[in-house]
Amino acid sequence: MEISPFVIFFASIFTSNILLTNFLGMCSYLSISKDLKSALGLGEAVIFVMTATSVLNYLVYQYILVPFGLEYLRFIVFIIVIAAFVQLVEMILERFIPNLYYTLGIFLPLITVNCAILGVALFIVIREYNFLQSLAYGAGGGIGWTLAILALAGIRQKVDESKIPKGLQGPGFAMIVTGIMALAFVGFSGILSIQ
Amino acid sequence: MAEVLTTVSIISGISIFLAALLTIAERFLLNYGTCKIIINKDKELEVKGGNHLLGSLLQNDIFIPSACGGRGSCGLCKVKVISGGGPLLPTETPYLSREEQENNIRLACQVRIRSDVEIEIPDELFNIREYTTMVERIEELTYDTKAVFLRLPEGEEMNFKAGQYVQIKIPQYGNNPEEVYRAYSIASSPSDKGLIQLIIRKVPHGISTTYVFDHLKEGDRLDLNGPYGDFYLRDSDREMICIAGGSGLAPIKSILHYLAENNIRRKATFFFGCVAKRDLYYVDEMKAFEEKIPDFRFIPALSAPEEGDNWAGETGLITEVVDRHITDGSEMEAYLCGSPGMIDACIEVLRRKGVPEDRIYYDKF
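In the order they appear, the protein sequences are chains H and E.
Using our numbering, the final residue of the first sequence is 195, and nothing's skipped along the way.
Using our numbering, the final residue of the second sequence is 365, and nothing's skipped along the way.
Keep in mind the hints are simulated off the structure, nothing from the lab.
The C-beta atom is built at its ideal place from N, Cα and C for all residues, glycine as well.
Keep in mind that the hints are not guaranteed to be accurate.
As the list claims (entries may be wrong) - Heads up, incomplete: computed chain H residues facing chain E, CB under 8 angstroms, no partners named:
1. Phe-68
2. Val-77
3. Ile-80
4. Gln-87
5. Arg-95
What the hints assert, rightly or not - Computed Cβ-Cβ distance ranges for the label pairs, DEER-style:
6. E:Ala-20 / H:Ile-79: 30 to 38 angstroms
7. H:Glu-44 / E:Ser-339: 46 to 54 angstroms
8. H:Ile-79 / E:Gly-219: 54 to 62 angstroms
9. H:Met-175 / E:Gln-101: 29 to 37 angstroms
10. E:Gly-316 / H:Glu-161: 50 to 58 angstroms
11. E:Gln-101 / H:Glu-44: 51 to 59 angstroms
12. E:Ser-15 / H:Lys-163: 50 to 58 angstroms
13. E:Asn-159 / H:Ile-79: 34 to 42 angstroms
14. H:Glu-71 / E:Lys-169: 33 to 41 angstroms
15. H:Gly-167 / E:Asp-328: 52 to 60 angstroms
16. H:Phe-23 / E:Glu-102: 38 to 46 angstroms
17. E:Lys-169 / H:Lys-158: 52 to 60 angstroms
Unchecked claim - Pairs of lysine-lysine, DSBU-like flavour, derived with a Cα cap of 35 angstroms:
18. H:Lys-34 / E:Lys-80
19. E:Lys-78 / H:Lys-37
20. E:Lys-146 / E:Lys-193
Just chain E, with the same shape it has in the complex (with noise of 0.2 angstroms):
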């Protein structure tokens, strides 16, 4: 019995004092007092030192993009170290081209703030930040799209440009054990700051969409932040093509209404793909849009109607439709949305039709 209280004891003893070491030493080693970030040498920020970057930064709001949380996996959170982030760690370079790595682009989840550090973003990250909305309302729009409106905050508003996304935020829920951020475009016109439209199209078993299709209800809050994105509509007067498919159709939507409602007087055609009439949706809205818009138009395809659907529009893949339909694509700018196969391939035809690459936007999903 007492051998048995001795093992015990020298073991807890030593172990004890061990921990007791590691903390002590945890406590003054990794103790960095506060830290100075300055920011475009501009704006400083005191932060407690030890912590990463990027998380950093999200407590003082300023939302760099990240899609995996900081586990260095994603390799979003690029921000541009110019003093006291330490050398480039071998986490790091994987994420990162050569002409990154030379120009002190660095992982924001992986820079650890020791000392005073210097670094730079872009203007438009400040403009990031987190809302907790209210969903306002949610229609179905198909057998397996659905539109959501978020309602911000009294007295809150987005300035967002249109095309842009935001991510919201999909709590723990059923099987799912941690929070998760997922990227919507923005459907709704940037004018309406208070108000976001999202359309959400189902993923079967996707962690996001199940909980809005199972579990959101009217009246829900939800958080979101954005708006992201260098999907936007760019300022000048060429010829737009706009190509979606799917729920892709949110940031074109987005981009009409800016069309619309500051008279811009762009010629403008928008390809809608979608397999079949119960894929379709919104129509009367975009054609509404050729009313408002002087030359726009809307050009639905279905890629395999059903009988019954008595289609009278365009038919066949939409790479086919807009090949028929475009002959000169040299002065023309184009914005596709939707998945990459679909994007790649639109990219491939309006090459061939003679759209300048550095004049092709899109974001693939």
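In isolation and in its complexed conformation, chain H is listed as follows (with noise of 0.2 angstroms):
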């Protein structure tokens, strides 16, 4: 059955949120979530980059590695297009749009190794969307995994002036507070489903 473009953006964002049902892009979530506004910027870099390699990779697999029977370097020549595209897009930002670049260009590289990034193209592939649906899964994916992060980092600012056990400060904390949110979010889950 072939699934709308819309139902997959929305369930992306919500019941099927790659980082709360598949824990993916995890490091940089418990790393950058301490204030809003940076995990604001972390966020929107990463709802482009993701929107943007999600397309070209899925170019790229069913018109270079699909052609000669190459599926299995998927891997490899995923993690090489999205390396070369956060490079080029650093670069273009420094150039035109500097303040862009001081707000989101700190985040950019670290955006290569969100494993989130990888996963999505590789679901694109095991799930075997076409153009459309790759692409509303990459822009639902992103949006989903801000937020995510968006929500983790409001409530760790409100939680920051009260007091927590000291062995479970930090990581330990935000670990908890994403297995409830994960929680939360699975309630949608009859919803829409896509996987």
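Build the complex: two chains, separate frames, hints provided.
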């Protein structure tokens, strides 16, 4: 059954959130979620890179790897494409939109190694999405990831002022919050399902 | 076989394509053409855009002090960037106080030149230059201290104030993988502009001192740049107290040369602290200054004289000796050079004696 791109878009934001259901992209999620401003900066960068690279990787896969029967090379090729794309974006931003570069620029190199980006590209292959579905999944995945990190950053900012047992401070507490958030998001899963 | 070839060629093809794309992009996107650096509203430099401010200034023979070589880890290369520096970067904030941030002080090694930049630097930095010197003489002063005399090239001279320091460039050698710069105070007279004397005390396993002690020979070349530092003789008539330990004698010696040669009649006392007699050096030279400077007294002190030293002079920690000799310090000016521990302890004593803190000048190493 063909799933509509709209369904994929919304599902990947809420019910199949790449971070909260697949737990991908955890390292930057845990380390950059201390305040809302940086979380938003990183989130914006992820939305942009994830949307663009999911489409790019879809094209590379369909038009280069499949015709030559080299599907098994997708891991290495996807990573190369992501890394090169991030570099290119960094240069373009630095040159033409310096202000954006200063707010977003420091996060871009972090994204190259964000596994959610690679995860999205690989899910597109596994689920055999077409071009529009890939675009929707990439954009939705990025927005969903941003939503999750913003929620965590908001909670952490509040929690910073309360007393937490020493052993749970920092990442420990973030993991618990993430687990509870994941449960909440799973509550939506009956509405839309894509996996 | 065919599959292996297609795999290799596809992977290489994609990589080469992307690498070429990035190279071309870098060529066109990160090419900022020629930018101007305007210094103190007066001097104008034309540099290639895209590089860091520190390096661009260095290429134009303007030496901003920097100990880490532009890695952003020493925080020394502060300059005032009036315009064109872009926003403050997260890599700079740890090294800048709030006041400095408000005054547009930046780290020159982190600011990239993307457009015309206007900066302000102290005038004396223009005076800083790099020299290739020749090691004229190395003298052994004690078992672990040497005096190195460096001859500047014919016709070149360094204008420095008595008390300032230079940085010498230690090249790669043995286990030392990269060039490093180390700072040493100048011990010779400011009037002798062609010959620089440094006093170097051996630090076990120190990169620089090991080089000087085990590798450097008379006749060798040694690159240095300078002069740097705000530890120098101030122009006043106040009575001076100089306190030094170990190789900290160097800048004090330069100051004494200056006083003697210019017939400056200031009352001055020099406390020189060492452990035992085998650490003492230049005692006769310092005594000779008592003849040349009318109101000068040299007081060497040993903290733990050995048996057989036959020491009749002062003993005890340098702080105790200073404490015994000074009663009222409120009209005095102090010059200290030595280890951080010694300096902090001496500042404490001098403050107690009434020397105002803004008249205590020191050089910690």
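A quick look at each hint next to the structure:
The beta carbon of Phe-68 of chain H is positioned within 8 angstroms of a beta carbon in chain E (closest approach about 5 angstroms), and the interface hint is therefore held. Because the smallest distance between the Cβ of Val-77 of chain H and any Cβ of chain E comes to about 6 angstroms, under 8 angstroms, the interface hint for this residue holds. The closest approach between the C-beta of Ile-80 of chain H and any C-beta of chain E is roughly 6 angstroms, which is under the 8 angstroms cut-off, so the hint is satisfied. Of the supplied interface hints, the one on Gln-87 of chain H holds, with its beta-carbon coming within about 6 angstroms of a beta-carbon of chain E, less than 8 angstroms.
Given the 8 angstroms rule on beta carbons, the hint for Arg-95 of chain H holds: about 4 angstroms separates it from the nearest Cβ of chain E. Range check, Ala-20 of chain E to Ile-79 of chain H: Cβ separation about 18 angstroms, and the 30 to 38 angstroms hint is violated. Between Glu-44 of chain H and Ser-339 of chain E the beta carbons are some 51 angstroms apart, a value that agrees with the proposed interval 46 to 54 angstroms. Checked against the given bound of 54 to 62 angstroms, the beta carbons of Ile-79 of chain H and Gly-219 of chain E, roughly 56 angstroms apart, stay inside it.
For the pair Met-175 of chain H and Gln-101 of chain E, the supplied restraint of 29 to 37 angstroms holds, since their beta-carbon distance comes to about 36 angstroms. Roughly 54 angstroms separates the CB atoms of Gly-316 of chain E and Glu-161 of chain H, a value that falls within the hinted 50 to 58 angstroms. Separation of Gln-101 of chain E from Glu-44 of chain H is about 26 angstroms and departs from the stated range, judged on CB atoms against 51 to 59 angstroms. Between Ser-15 of chain E and Lys-163 of chain H the beta carbon distance is about 53 angstroms. The supplied range of 50 to 58 angstroms therefore holds.
Between Asn-159 of chain E and Ile-79 of chain H the beta carbons are some 57 angstroms apart, a value that contradicts the proposed interval 34 to 42 angstroms. Roughly 56 angstroms separates the CB atoms of Glu-71 of chain H and Lys-169 of chain E, a value that falls outside the hinted 33 to 41 angstroms. Here the CB-CB span from Gly-167 of chain H to Asp-328 of chain E is close to 58 angstroms, well matched to the stated 52 to 60 angstroms. Under the hint 38 to 46 angstroms, the C-beta atoms of Phe-23 of chain H and Glu-102 of chain E, about 44 angstroms apart, fit the expected range.
Restraint check, Lys-169 of chain E to Lys-158 of chain H: a C-beta distance of roughly 54 angstroms satisfies the suggested window 52 to 60 angstroms. Pair hint Lys-34 of chain H plus Lys-80 of chain E holds up; C-alpha atoms about 32 angstroms apart against a cutoff of 35 angstroms. Taken as a hint, the Lys-78 of chain E and Lys-37 of chain H pair is honoured in the structure, with Cα atoms around 28 angstroms apart against an allowance of 35 angstroms. Proposed proximity of Lys-146 of chain E and Lys-193 of chain E is supported: the alpha carbons are some 21 angstroms apart, at most 35 angstroms.
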